[in-house]
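*Asks:* Here the numbering used here is used: the first residue of the first sequence is 1, the next is one more, and so on.
Bear in mind the hints are in silico, worked out from the structure with no lab data behind them.
None of these values were measured; they are calculated from a predicted model.
One thing to keep in mind: the hints can contain errors.
[Claimed, not checked] Only pairs whose alpha carbons sit at most 27 Å apart, straight line, appear in this in silico DSSO-like list of lysine-lysine:
id	residue 1	residue 2
1	309	724
2	307	591
3	281	309
4	63	281
5	309	133
6	19	392
7	133	63
8	307	19
9	389	133
10	307	281
11	19	281
12	591	63
13	389	63
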Amino acid sequence: MPEWHDELNDRQLEAVTYKDGPLLILAGAGSGKTRALTYRIAHLIYERGVAPYQILAITFTNKAAAEMKERVGQLLGLDAPEVWVSTFHSTCARILRREAAHVGYGRDFAIYDTADQRELVRDILAELRWDAKKFPPPAFLAAISTAKNELLRPEEFARRAAARSGDAWAERTARVFRSYQRQLERNNAMDFDDLIANVVRLFEEHPDVLAAYQRRFLHVLVDEYQDTNHAQYRLVRALAAAHRNITVVGDDDQSIYAFRGADTRNILEFERDYPDAHVVKLEQNYRSTVTVLQAANSLVGHNDMRKPKELWTENEQGEPLRYYQATDQRDEAAHLAYSLAGLRQQGEALGDCVVLYRTNAQSRLVEEALTHFGLPYQVVGGLRFYDRKEIKDLIAYMRLVLNPADAVSLHRVINVPRRGVGPATWARLVQLSEDEALPILDAMGRMAQEGTGLPGPTRQALRDLSAVIGELRAASETARPDDVLEALLESTGYRRELEQENTMEAAGRLDNLDELARLAGEHAVGAEDPSLRGFLEQVALVSDIDSMDDEATDRVVLMTMHTAKGLEFDNVFLIGLDETVFPHERSFGTKREIEEERRLCYVALTRARRRLFLSSATMRIGFRGESEPLMPSRFLAELPPHLVQVIGRGGRAAGHLGSAQLARQMAAGGAIGRRARPVVSWQDAAAAGQMAADAVTVARGAGAPRATGPAAMTEQDLPGPGEKVRHSKWGEGTVVSVAKRPDPADSEITVAFPGLGIKRLVAGFARLEKLS
DNA sequence: GTTGATAATCTTTTT
DNA sequence: GATTATCAAC
């Protein structure tokens, strides 16, 4: 036995070394489930003589895939073991390209993301003259996605809808579904659901193809099995049907993707599907302190629809959870910043701290607070790099080079930069493409050639565009993605337009495009499929977490609780524990949804190795300046009260959550420790927060706290309107206005930098140098 | 027909 | 507080 068997406990060893056949690993949070899977792969190769390329491992994210592959390599002493480790979507995309002939799609099909899907549905609604407000595209897309997960085609869906006559909504959906699918096919494009569904169909309709993959993959392993949907379930079932060497790992308490079709029955009924399945439960937690684990167990125990299990640990008791009830969300963010500063004072690395929230929008105030108090951070998710306008534009151009039928992409860029192409010209183009059954790009070529009724400049611009893409297309099979990108940037005039704009915003976009070029170049030399095709596929299927760099840069990480799945940190800050925020008001409808929110909370709590900081606010300030009251989240009441220390506004411990007095105070909606008062500026927040940070630090005897805030200033240090100043990064500029604050360091100075634009700066941070 | 500017309208979670 | 619908001018 290789020495790494010593690193496993008995249960883990049982899972890792189990003989062939169906195996279910039910594992709690922090019990090392991905680790068990990784070691099992290594074991299969090392001990059982399975060839690496005969193993298929499916993970939840590309990042997890990369890590697992690397780890298997380390265990075996190999650089790049040929194990196929990949996500469902990447796996399916690869299979579909390989088997394109059987699927009825060109192998250069595009992969449409949510935005592309919405675009298609919007067009369909416009054509049907249905009001997009009364019938929002996302509602149709959700219904279509559900249907696709059940492997329903539009015709079958329509038949069922018609059978239930009177269901007007289903009939409408059926119409949209049919047009939507027809458009996708016309555009030679698939959405995320098609990637899976088309492989399932391929396997079910071509037994010979399936048999070839069954022979190829002697072992199939799936991580995060509780988050698979029905189509994925059928895919796995088909692949494993012949040899039944299937290993799945999951935890029903961590199922948080039901909203996109994940079905926990897949894991709960595994033993029904495979009566000879061997089941291994991993219940020892290696990650968290006793306190963290007790809190999480107590919370998730309030769910009815679950398999009871109780995690335990040999780790130390640890510190109590800390809960701060802020007056409003600004106060909450400020307190968070000061707690972080306090932790840093104690010698904790910011890189070991994470801030988790329910919705991406909540990151904004946190970012403002962290910036204001000078704490470095990294946001994961939200606006993905690939979601930025300029990036999407260039991706659209690149997609067109590969796939001339991609109408969504052409529509996006046909008038960027301006070519004098508006809605009327576009409508004619679509008409021509449909009448002549031409790919949209060819239709454009013909229209520019014949040019009937087009304004001269428009016609010339379209002709140029057509030539540019045509040339690149001719070379697309062998060209490097970074070269294609560079050629497009130049010859479409995209770069020139941005350069001429000469604003800071345009400069930022150019930077982003440079970054895209860097990524494309990296892909060209390092990737398995270095082609343009491979690059675009990668771009469509990476998630934001995949690109999170875990280099030892010392900064706080901000992300949603969903994104945090599978990760762990020493210190976890959970903000926004308010009813309607978390649990989110949109989940109030059914018990099922509330239980999913509770599982999400469970996932969030169990990310923590050592400390948990919770906070909520008593009111929220809407954007019209109106304040609405908030109630503390029900999840707070579901934690063992004696484990939760309540921190007052002055930073002192006010007692435990269970004390009757605190409970009354909270029920009355009052912030604890001091009378509730809205915090309108970071100045106010700083005053309250500083006290909190002092108290935390003093309580731990860690010496005097040092504010990470702005440099001290007097009113005389402030420049006046019209004065010239120098900024370390942006150079010389002229002061437009100064908004004074009680502390001059907090004042906001608006400065115009010639050629760069107008920038608002906080006096204490910007360290502006007066020139006059 | 196209462009630029103003007005209205929301805000879950994601491969 | 950012994206999208609508409208008036070019």
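*Asks:* Please go over all the hints and tell whether each is borne out by the structure.
*Replies:* Hint by hint, here is what the structure shows:
1. Between the alpha carbons of residue 309 and residue 724 the distance comes to roughly 67 Å, so the proposed pair goes past 27 Å and is violated.
2. A distance of roughly 17 Å separates the Cα atoms of residue 307 and residue 591; the hinted pair therefore holds under the 27 Å criterion.
3. Proximity of residue 281 to residue 309 is assessed by CA-CA distance (about 9 Å); at most 27 Å being required, the pair is judged to hold.
4. Restraint check for residue 63 and residue 281: satisfied, since their Cα atoms lie roughly 25 Å apart, inside the 27 Å limit.
5. Straight-line distance between C-alpha atoms of residue 309 and residue 133 comes to about 45 Å, which puts the hinted pair past the 27 Å bound.
6. Note on residue 19 and residue 392: the hinted pairing is violated, with a Cα-Cα distance of about 48 Å set against a maximum of 27 Å.
7. Between the alpha carbons of residue 133 and residue 63 the distance comes to roughly 38 Å, so the proposed pair goes past 27 Å and is violated.
8. About 26 Å separates the Cα atoms of residue 307 and residue 19, which keeps this hinted pair within 27 Å; it holds.
9. Taken as a hint, the residue 389 and residue 133 pair is honoured in the structure, with Cα atoms around 24 Å apart against an allowance of 27 Å.
10. Of the supplied pair hints, the one linking residue 307 and residue 281 holds, its CA atoms being roughly 12 Å apart against a limit of 27 Å.
11. A C-alpha spacing of about 16 Å is found between residue 19 and residue 281, which places the hinted pair at or below 27 Å, so the restraint holds.
12. Distance restraint check for residue 591 and residue 63: the Cα-Cα separation of roughly 33 Å exceeds the 27 Å cut-off, and the hinted pair is therefore not satisfied.
13. As the CA atoms of residue 389 and residue 63 are separated by approximately 25 Å, the hinted pair is consistent with the 27 Å bound.
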